[in-house]
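Required output: the full structure, derived from the provided sequences and hints.
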Amino acid sequence: MKVRSPLSLLLISVCSLALWSCSPYEQDSYQQEYIVEAYLIAGQQFPDVTLTTSSELFDSFTLRDQRVDGATVIIESGDTGQLMTYQQIDSSGIYTPTDTTQKIEATATYDLTIDIPDKDTPIRATTTVPEPLTVLGGITDRVVYQSSEQLEILVSGSPAGQQRFFIFNTIADDPKSEDLTPFYKSTLEDSDGDVVIEDFYKVSSGILNEANFFDENGNTVLRLPWLAVSFYGPNAIVANVLDKNSYDFVRSQSVQLGGSTLSPGEIQNVINHVEGAVGIFGSISSDTIYTTIERNPLLDFSPVDPDKAMQ
Amino acid sequence: MLKETDRRMYLGSLFLRINVHKKFHSGCSDLMHILTRNVLGFAHRFCQSCLYLIVALCVATPTVSDIHAQPSKARTELQQTTIQGYVRDAETGETLLLATVSIKGTTKGVTTNGSGFYSLTTDLTGEQILQARFVGYDMVEKEINLDSESTIRLDFELPPENLTLEEVVVESERDKEALKNIGVAQLKTEQIKKLPAVFEPDVFRSVQLLPGVKAASDYSSGLYIRGGGPDQTLILLDETTVYNPSHFFGFFSTFNPDAVKDIRLFKGGYPAEYGGRLGSVLSVYNKDGNRNERTGGLSIGLLASRAYIEGPVGDGSYMFAVRRSTLEPLLAALRQSVDAIPSTFYFYDINGKVTQSVSENDQLSVAFYTGQDIVALPFADDADIRLNYGNRTLSTSWKRILPRNWFTTLTFTGSTYQNKPNFTIAGTPFSQRNEISDVSIKFDAEHQPSPTHDLKMGLWAGNMILSLRNRFDGEETFRNRIQANYASVYFQDEWRPNDRWVARAGIRVNAFSEGNYIEPEPRLSIEYRPVPTVRIQAAYGRYSQFLTLISNEAFSGFDTWLTVDDGVPPAYGDQWILGIKTEPFDGYGFDVEFYARTMNDLFELDPFLPDAAGLDYDELFRFGEGFAYGVEVFFERQVGRFTGFVGYTYGVTRRKFPGFNAAIGSDTPRFYPPKYDRTHDANIVATYRLSDRWTANAVFSYGTGQAYTEPLGRTQYPRQPWNNEENDVLLVGKVNASRLPANHRLDLSFSRQGRFFDIADSEFQIQLINAYSRRNVWFYQYDFDENPVKQTTVPLLPILPAFSYTLTF
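Going down the list, the sequences are from chains A and B. Counting with my numbering, you get residues 1 to 311 for the letters of the first sequence. Counting with my numbering, you get residues 312 to 1120 for the letters of the second sequence.
To be clear, the hints were calculated from the coordinates, so they are not data collected in a lab.
Pairs of lysine to any residue residues, derived as SDA-like cross-links and limited to a Cα-Cα distance of at most 25 Å, are as follows:
1. Lys419(B) with Leu435(B)
2. Lys504(B) with Thr1119(B)
3. Lys244(A) with Phe934(B)
4. Lys1101(B) with Glu198(A)
5. Lys967(B) with Ser254(A)
6. Lys119(A) with Ala973(B)
7. Lys505(B) with Ser594(B)
8. Lys1101(B) with Ser254(A)
9. Lys731(B) with Ala228(A)
10. Lys244(A) with Ala974(B)
11. Lys504(B) with Arg1063(B)
12. Lys1101(B) with Thr53(A)
13. Lys504(B) with Tyr1116(B)
14. Lys1101(B) with Gln27(A)
15. Lys103(A) with Pro1029(B)
16. Lys244(A) with Pro969(B)
17. Lys202(A) with Phe690(B)
18. Lys415(B) with Tyr448(B)
19. Lys176(A) with Glu1037(B)
20. Lys967(B) with Tyr25(A)
21. Lys244(A) with Pro1029(B)
22. Lys244(A) with Asp978(B)
23. Lys202(A) with Asn1035(B)
The structure is reproduced here in structure tokens:
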């Protein structure tokens, strides 16, 4: 009897554990979602709005096949009194503004509303455009690649107490394979065809916090890393300040591709601020400068094989 | 999903993500200032430690009058006798941990502690026979007269079992009393060396075979114990914390089997003498060295080669062991035909220990460890990675046997961890320098005031400096230095009112200066023995943790530790354990343990944080909760030619973090299983002695496929103003709600003992890892360049042969 009692306890524990462990954690089934994409850029005209649907993962996919036709799209701002209606020019799922003269105003809040005939509730999203970004100085016409003189740009300061989130991109004005910088040339050559030269026409920095660029006087001085230069020759350097929607979208989208502290295969949806759909209704403020990147004769890298690079 | 460029940038982006920023500090440019501050800082910390030491000694050391107290008078009143001493290996003089010492014909028995010391108090009188036993050793009996003195010093030297087959079959008598404590497991070094292992015998990979311990993958030696991640296990080497115990990006642990004497694992419900981690404790003990003769060994393997020497010195012993990777010839050959082979790639370990018996009652020891990984990898034109990380530890201990049944240990520990990755890509350098410097003093005292009570008490105080410095493109983008004092005190009483019941109650209080956190932690365990071969055990404990590790399951080369601070409270959790341990037949064991645990205020680096510059410290983290429960079954056979064990674990682990794993359109997070969660996990470890010379070993592992997130849908966002890519995005349901295919593998090894030209004993070992070449899945990738999307499998280890040759002289 003395042994039976604890064994009974053991049995009870096993049963309890078995019951406890029955709580299901089953995978969700696929649900088709409406997908919205639009970015307001301060100082520019109202953007196109893309409206599509998602597709099952292993179905053949083209964005055109996923288009959503017949929607009513409106962007309006209570701050500025603007009301922009949209029209669908063709069956591409892309809606264009009916008035191209109106400009997006920095610091204003804009609301997106999309009504779809067979959808009960409208799709809604809101964005507040960041403060305008202005290049104040430091523009250099020519810079020698990987020389000691890096391109430094002084930009307007941020609102007090707020940190801005930047994405920089370098856009090659006349990209040619023979003008690829050594790292990008090597990446292209070693890619077995899954990288094409067009991938490097516009190089993005990923998100960088403004605190990285404060100088000793508290000014924001952007220093262009050589990593951001994919082509010698004329380049446009664009500094973008992201709103919260864009910041959340980009940072969560990049984690889907790996590189985070998450384990391989632990994938999370992108952070979504669109009501009734999935996607991004974001805004940015940006400014652009132009410079020419010259080859550095002191660097010893072999010339690119154009035929191989273009494969 | 991962394009070539993504893969190339994977390491770089990971590096960037772990560049955590707390506050921006201007750097010290004056070298003298730095030197002065460091010297003064060390002096300050040393003085602090000495102050703690004085307090400790005042509290625990008996006064002169205590030492000269009248033993005969005490004996007359109490009629108690204490027998105490060390239990050692008769051949090498090594102390034996968890050996059993008992009085023949009674159930009175104790086990040796982490120093190989025992203290047995009894009220028996007259002539008695004391027995000392330990796994793998012949039992030794000694007669004693308990009427002569109140305290008797009696050391034992146990001869290793004569391993002729007949004797093994007939005479083996095992007693694993101490290992039957709740949540405890122990591994012998010889067992680790014999098990088939990928390239190199490895302590952690052997520990991963125990029930309740899981491996993240074939490529990781990280310990995932009872639902906890690697940072929830306290790793101690001779009482010194080791912060990144891995080589080869996590493929191997840093512990050289030649230098290790014993490994004790507290999987959960660990006693009050330990603290600082939510989950478990792995305590590794270096060899003291051979006290009787000089011996050594040399082992040549595919990945690394090892050498050690040990012997007597003065009234004690020494031990030095070296291990270094020997990959250079292989890398040189690969470099002729394969791109992106490291130009430099090696690791090394050096272990040493010197032990001296200053008197019959005093023993001093100094132990050190240093290890480093160096990697240089040019992975494209104008792009290279350089990694340099490693640990150093130093511990000095003074063990003292005091009158009135006291045994004390005073330990000074120092541990540093450095991690200095550097990248240069397209002329843009970025680097990180993460350093931990931890100095501490520990004082532990054991006292047996009566035959029914064993007291343990102690304190641990130290000073920890964590520094993190990042540079990007020639500019210092972040510099942070946290200096924190920490202290713990504990008290524990083990009460044995009769032969059937044992209760252990303890309290530990941890304090951490950053944030001024004080965490009391009660611990309680009860054991009931209805019959001598059955133990029923239950335990409860609260545990807290002031540190968190930024790491990635796939790569430990950038591991970075962070601490609590204002706004970042310590994680804490409760553990409940219920176990039954039996010996159904002589030489067999059958154990079952249930466990359940909670994890609260888990803090870890926000995985969505792209750049932490300028953020407040608490903004770096996400705070969550979790729980785990399961049952472990362990069956072992320790007698005869065929020995081994079968371990099975049923386990459930869940985590929850705000905003994570929410349904589309919802902000409500849901619990999810981490990737390493495996519902069923089983290991079979078998050894068969074919003859006096030949031994065969086999390890079979089976586990439920790991959790992963199965993408359900896809879309594209091609209009982003800052790039011209299609920006493929996945739509997923519940995080980690799907399972990879079941994981199983068979590893075999055969070893032959022999002689090498009458100079040394030799052992040739040949191994076959993944003998039937099971292509287990690590994770899936999704190639969006194909339409429709193509899923590809990233596999785990293929079939791998390996061999090693070891000489022992």
